[in-house]
Amino acid sequence: MSDSPTYTDYHPRWLRRRPSTYWWLEKPSYLAFVLREGSCLFVGWFVVYLLLMFRGVLQGDAAYQEFLAWSARPSVLALNIISFLFLVYHAITFFDAAPRALAVHVGKTRVPERVVGVSHYAAWLVASLLVFWLVLGS
Amino acid sequence: MRDHIKVQVARYLPEKQSEQTFDEHEIPCPKDWVVLDGLNYIKDRIDGSLSFRWSCRMGICGSCGMTVNGEPKLTCATFLAEYAPGPIRIEPLRNFPIIRDLIVDIGDFMRKLVSVKPWIVRKYEKPLRDGEYIQTPQELDEFKQFSMCINCMLCYAACPVYGLDPKFIGPAAIALAQRYNLDNRDEGAAQRMEVLSEHAGMWGCTFVGECTKVCPKHVDPAGAIQRYKLTGAIESMKAFFMPRGA
Amino acid sequence: MIKRHPEPLLWMLFSAGGVVSAMLMPALVFLFGVAFPLGWLTPPDREHMRGLLANPLVALVLLGLCVLSLFHWAHRFRHTLYDGLQIKHLEEVIATICYGGAVIGSAAAAYLLWQGL
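First to last, the protein sequences are chains A, B and C.
When you line the first sequence up against our numbering, it's residues 1 to 138, in that order.
When you line the second sequence up against our numbering, it's residues 1 to 246, in that order.
When you line the third sequence up against our numbering, it's residues 1 to 117, in that order.
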């Protein structure tokens with residue numbers, strides 16, 4: 001049985017396929033990529049959260065307490081827990097990617113990628129400790 | 001039966017059909033056979049009309065790239081026994097137009113490759129009497145990894161950006177541009193930057209990283225592209241602030 | 001001649017935002033989004049927070065964090081909509097909404113942090 005063949009000017013028509021809209025579900029690594037990209041939503045959300053907190057602090061004691069109470073509401077808490085997980089995922093994927101973009105040279109020798117990666121994680125630890133110290137220290 | 005394997009092979013015969021179909025065969029599966037051996041068995045003994053590309057059968061020519069169970073692979077480097085009893089599904093390389101059966105048109109890649117000038121570009125060639133261009137082993141190491149590319153196009157098949165936007169110049173072209181940009185004998189970085197600083201050049205890449213995963217020669221095109229983005233960004237800043245040249 | 005368009009600058013903002021948000025946000029969200037609301041740790045009193053915001057160095061870092069993170073979100077989100085949903089014909093609308101949103105958010109952050117000094 002033959003369905004109708006089609007021809008262009010010079011040769012039989014080539015078969016062209018378009019990727020499906022759900023291409024990112026076809027492989028685990030594609031899904032991991034889309035989740036990594038999706039982490040940016042939580043980066044954006046947390047900026048909004050920070051700004052709301054600054055506003056609460058600036059407006060006075062009552063406003064600050066109101067903010068803290070709002071942050072304990074189940075929906076907000078759930079969103080922030082998910083944000084925390086995605087932000088950690090973002091940090092890990094970013095620090096694993098950064099050494100591949102940064103070709104650091106000492107003289108003519110290239111610093112090994114592992115060293116660049118480890119320094120990122122070390123900086124992350126230092127920055128986090130600094131945040132804890134500033135916020136929690138009296 | 002571990003010594004036989006079911007194989008599903010994509011067929012597209014444009015003079016007879018307008019859609020892709022699948023043929024199923026059961027073929028022997030000795031433990032040292034690769035997928036390419038299986039395809040040649042089918043062509044020799046079962047169906048001589050099956051069309052596919054292959055050449056060196058040892059992973060250096062880059063001709064035999066196909067989609068095996070959804071993954072882009074070199075069929076000369078993929079063992080059949082790993083998929084026994086099957087079914088193993090063999091399709092043409094993704095993201096390229098299919099000419100016939102397992103053969104795709106690679107013209108798009110070829111044009112893009114030429115556009116990045118993958119050769120040593122120099123303002124003045126040294127005359128022979130002045131001797132050779134000196135390159136230390138360290139200078140070689142800078143770009144050696146990117147020179148391993150065999151133009152097999154598995155990276156293009158894996159890249160979702162190339163699938164969604166065929167104008168994207170693609171991983172191998174950028175990696176090969178970098179191979180020459182980082183070569184101390186080359187002076188053509190600015191010419192390549194002209195092509196690669198377009199939207200469809202390096203800036204189309206969103207660092208999915210699939211290209212590096214599927215590369216059979218461990219070229220790491222994703223790494224090459226990210227490094228080039230940093231270079232490109234710095235060059236753009238220079239061009240903006242010092243338009244008459246630094 | 002290198003092609004001139006805003007993509008390289010936006011990518012640099014995206015990268016910087018990625019680094020800054022990766023370094024600082026996990027600790028911040030852990031404290032202010034999880035530990036304090038759950039009662040694992042006592043939140044600082046308002047005076048302490050007010051004092052932190054009044055410090056110019058802290059305010060500068062927070063401004064950098066907010067602005068760069070917003071541009072990180074804008075760039076990545078725009079590309080995801082472009083690739084993931086393949087809505088190329090809305091390219092300009094999406095870019096305006098994303099980067100425009102980042103600019104508005106940055107202005108809000110600058111305003112609040114300036115008020116806090």
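FYI, nobody ran anything at the bench for these hints, they're computed from the structure.
All residues carry an ideal CB built from backbone N, CA and C; glycine is no exception.
It is possible that part of the hints are untrue.
Restraint ranges, calculated between C-beta atoms of paired labels, are given here [unchecked claim]: (1) A:L125 - C:L57: 13 to 23 Å; (2) A:L35 - B:E71: 15 to 25 Å; (3) C:A107 - A:H105: 14 to 24 Å; (4) C:H5 - A:R13: 42 to 52 Å; (5) B:D130 - A:G38: 32 to 42 Å; (6) C:I104 - B:K167: 29 to 39 Å; (7) C:L57 - B:K167: 38 to 48 Å; (8) A:W133 - B:N184: 44 to 54 Å; (9) A:V106 - B:Q8: 51 to 61 Å; (10) C:G100 - A:W133: 33 to 43 Å.
Restricting the straight-line Cα-Cα distance to at most 30 Å, the calculated cross-link-like pairs of lysine-lysine (DSS-like) are [what the hints assert, rightly or not]: (11) B:K43 - B:K6; (12) B:K117 - A:K27; (13) B:K167 - B:K217; (14) B:K213 - A:K27; (15) B:K31 - B:K16; (16) C:K3 - B:K43; (17) B:K238 - A:K108; (18) B:K167 - A:K108.
Structure-based check of each hint:
{"no.": "1", "hint": "A:L125 - C:L57: 13 to 23 Å", "result": "holds, 21 Å"}
{"no.": "2", "hint": "A:L35 - B:E71: 15 to 25 Å", "result": "holds, 20 Å"}
{"no.": "3", "hint": "C:A107 - A:H105: 14 to 24 Å", "result": "violated, 39 Å"}
{"no.": "4", "hint": "C:H5 - A:R13: 42 to 52 Å", "result": "violated, 36 Å"}
{"no.": "5", "hint": "B:D130 - A:G38: 32 to 42 Å", "result": "violated, 57 Å"}
{"no.": "6", "hint": "C:I104 - B:K167: 29 to 39 Å", "result": "holds, 32 Å"}
{"no.": "7", "hint": "C:L57 - B:K167: 38 to 48 Å", "result": "holds, 46 Å"}
{"no.": "8", "hint": "A:W133 - B:N184: 44 to 54 Å", "result": "holds, 47 Å"}
{"no.": "9", "hint": "A:V106 - B:Q8: 51 to 61 Å", "result": "holds, 53 Å"}
{"no.": "10", "hint": "C:G100 - A:W133: 33 to 43 Å", "result": "holds, 37 Å"}
{"no.": "11", "hint": "B:K43 - B:K6", "result": "holds, 15 Å"}
{"no.": "12", "hint": "B:K117 - A:K27", "result": "violated, 34 Å"}
{"no.": "13", "hint": "B:K167 - B:K217", "result": "holds, 25 Å"}
{"no.": "14", "hint": "B:K213 - A:K27", "result": "holds, 12 Å"}
{"no.": "15", "hint": "B:K31 - B:K16", "result": "violated, 36 Å"}
{"no.": "16", "hint": "C:K3 - B:K43", "result": "violated, 49 Å"}
{"no.": "17", "hint": "B:K238 - A:K108", "result": "holds, 24 Å"}
{"no.": "18", "hint": "B:K167 - A:K108", "result": "violated, 36 Å"}
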